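Engineer: This is what each chain is made of:
Protein chains: 2
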Amino acid sequence: MELLFLGTSSGTPTKSRNVTALAVLDEQGPGWCLVDAGEGTQHQVLKSPLSLRDLRAILVTHVHGDHCYGLPGLLASAGLSGRQAPLQIIAPEGIEEWLRATQAATQLHLPFEMEFIRAEPVRHLPLGPWRVDAVELSHRVPSFAYAFTEAQVEPMLDTEKLAQDGVPQGPLWGRLKKGIEVEHAGRVLRPADYLKHPFAPRKIIVGGDNDRPDLLAEACAGCQVLVHEATYTADVAAKVGPGVGHSHAAAVAAFAESVGLPHLVLTHFSARYQANTGESSGMGSGPTIDDIRAEAAAAYRGQLWLADDFARYRLLRTGEFGPVSGPPT
Amino acid sequence: MELLFLGTSSGTPTKSRNVTALAVLDEQGPGWCLVDAGEGTQHQVLKSPLSLRDLRAILVTHVHGDHCYGLPGLLASAGLSGRQAPLQIIAPEGIEEWLRATQAATQLHLPFEMEFIRAEPVRHLPLGPWRVDAVELSHRVPSFAYAFTEAQVEPMLDTEKLAQDGVPQGPLWGRLKKGIEVEHAGRVLRPADYLKHPFAPRKIIVGGDNDRPDLLAEACAGCQVLVHEATYTADVAAKVGPGVGHSHAAAVAAFAESVGLPHLVLTHFSARYQANTGESSGMGSGPTIDDIRAEAAAAYRGQLWLADDFARYRLLRTGEFGPVSGPPT
Chain A
1 MELLFLGTSS GTPTKSRNVT ALAVLDEQGP GWCLVDAGEG TQHQVLKSPL
51 SLRDLRAILV THVHGDHCYG LPGLLASAGL SGRQAPLQII APEGIEEWLR
101 ATQAATQLHL PFEMEFIRAE PVRHLPLGPW RVDAVELSHR VPSFAYAFTE
151 AQVEPMLDTE KLAQDGVPQG PLWGRLKKGI EVEHAGRVLR PADYLKHPFA
201 PRKIIVGGDN DRPDLLAEAC AGCQVLVHEA TYTADVAAKV GPGVGHSHAA
251 AVAAFAESVG LPHLVLTHFS ARYQANTGES SGMGSGPTID DIRAEAAAAY
301 RGQLWLADDF ARYRLLRTGE FGPVSGPPT
Chain B
1001 MELLFLGTSS GTPTKSRNVT ALAVLDEQGP GWCLVDAGEG TQHQVLKSPL
1051 SLRDLRAILV THVHGDHCYG LPGLLASAGL SGRQAPLQII APEGIEEWLR
1101 ATQAATQLHL PFEMEFIRAE PVRHLPLGPW RVDAVELSHR VPSFAYAFTE
1151 AQVEPMLDTE KLAQDGVPQG PLWGRLKKGI EVEHAGRVLR PADYLKHPFA
1201 PRKIIVGGDN DRPDLLAEAC AGCQVLVHEA TYTADVAAKV GPGVGHSHAA
1251 AVAAFAESVG LPHLVLTHFS ARYQANTGES SGMGSGPTID DIRAEAAAAY
1301 RGQLWLADDF ARYRLLRTGE FGPVSGPPT
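One line per chain: the protein sequences are A and B, in this order. Position 300 of the first sequence, counted from 1, bears residue number 300 in the numbering used here, the numbering being contiguous throughout. Count along the second sequence starting at 1, add 1000, and that's the number in the numbering used here.
Treat the hints as calculated values from the structure; they're not laboratory data. Please note: incorrect hints may appear among the correct ones.
Taking lysine-lysine pairs in the DSSO-like style, the calculated list, with each CA pair at most 30 Å apart, reads [stated by the list, open to error]:
#, chain 1, residue 1, chain 2, residue 2
1, B, K1047, A, K47
2, B, K1047, A, K15
3, B, K1015, A, K15
4, B, K1015, A, K47
Non-contacting residues of chain B with respect to chain A, defined by C-beta distances greater than 12 Å in every case (computed) [as the list claims (entries may be wrong)]:
#, residue
5, E1120
6, R1123
7, K1161
Remember, predicted model here, so these are calculated numbers, not experimental data. Idealized CB from N, CA, C, for every residue including glycine.
Bound-form chain A, shown alone (with noise of 0.2 Å):
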């Protein structure tokens, strides 16, 4: 299970960072889960190996432009595209209403249906081999967090156990493997006496804008990822006063190690952060991405990650977390 970043600055793009929008892939085939769309999104996919006609749904964290203006146009391409497959988009009140709105505005005919789910209560849903549950966050405005949970974790034989009860490797095991009871010398065979589930479902939360990371306290129970948006640093987060709903990275990470949060990735990172130091202007004194790091670093001792764009990381039935490396096209 993957998830490819296609923008992580928060309020406007910069010459290197889009504003907010992350695929959420899986092994079952082509088919991807967007969480959020910042205007550029359709660019974005178009120079990713993502294509908008396997896209499943899209969930809207929240109602605030740097995470929706794209949704527009990228349903206008995906229409021009020739998509035909109903398309979910789960999101707070206000998104299905102002879409509806920008169709009729502009004459938006789409040739598929958009099925809209309120975030609200969304618990459980199934999507793909996930089970989405949305958590209700702290912003300005109404926010939420999308937590992916695997909605079945595929099953390994206990061959040590089959050697020891003498069944032959085989049809047998097959069949005890797809669950399916099977008679061997004379006795019933249960799949559950043979199966065991050395992992956990795999878990992904991926926060909307929010100044109150405990707020995902449960939610990050067998959670083995968040991606958490950090968009300041404490000393400007001071500066910029609490108006703005947003987290520092230092609170998030203090929370993460409060929770025992294994892999931790922060984005939605202010524009004013330089892209480090070696690249800045020369000019002295502006942050760089780096003081988001070393903040976050300083007060959590899992594995961190700050998203770049086009960043992919891959999250393996082991609980193993990290970024894949290759192009992105």
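Position chain B against the provided structure of chain A, taking the given hints into account.
Structural biologist: Same frame as chain A, now just chain B:
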């Protein structure tokens, strides 16, 4: 006076062309006008020497998304950049209502006023050094061309006549040039007698989507440059059918020829046209931008240009027009 193309694709962006947007610049300063703003226009502005703070006005040709879906994000970013100056938005019915609805739905609070002007009755609207007139076109929705005419042509002194009449070079010449009457050798000299206007006012027409170029015949009088869509070649247009409301290259070129237009710039090319034959995929038969060029060139004897993203053209006082070299940033 310059044109800087920010998007030259119709319908959907491609890897090398964004959807429609065009900056109109002048010699008076950094102020500029934007005609249309497809999704990603603010991203193109980021890659250009333009600043959203200097934006004087936005003119929208029609409500289709590939001409306006970039407006909300561009306005939001202008606000985040600290712009406070009011912004004129000249647009057909529907755009103001949609932008107001978008503001409400996405909680977009702008620190500047938007001053909406309906395109329909726009006649001689002063816009910096320009006087702008809207011309109604033919498309699936109300669509307009905007004619930019230089409001004031700087006169030149008739130095021959001044010498003949014995008016000595110096302050007297300067005052006459400014349009002030002077006294010399007991006579009152009137500026009108010593000023000449060797060049006609510059005039550029930027069309919206349109399947009847002939609607621009009257407006093209005294016009040096027409920017017009050529979405298709004639063969593709025949396949697509007349319902789309677009022009093909041969029709636009024949119109330009019929009115003796000196310079024609084609844009808004269907994404099916590959960059050129050299870059084609080798799969053989796809049409190219060169096909559009060849079709137009066969019907038009004036100077023909096919716009690319970030192509920049300059119109001199003399009426000369052509590409400006130099890097876009």
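Engineer: The structure should be examined with respect to each hint, and the outcome stated for every one.
Structural biologist: Hints versus structure:
1. K1047(B) <-> K47(A): Roughly 17 Å between the alpha carbons, so the hint for K1047(B) and K47(A) holds.
2. K1047(B) <-> K15(A): 7 Å, holds
3. K1015(B) <-> K15(A): Between K1015(B) and K15(A) the Cα gap is close to 16 Å, so the pair holds against 30 Å.
4. K1015(B) <-> K47(A): Holds. K1015(B) to K47(A) sits at ~7 Å (cutoff 30 Å).
5. E1120: 17 Å, holds
6. R1123: Holds, because the least Cβ-Cβ distance between R1123(B) and chain A comes to about 26 Å, which exceeds 12 Å.
7. K1161: 55 Å, holds
When each numbered hint is compared with the structure, no violation occurs for any of them.
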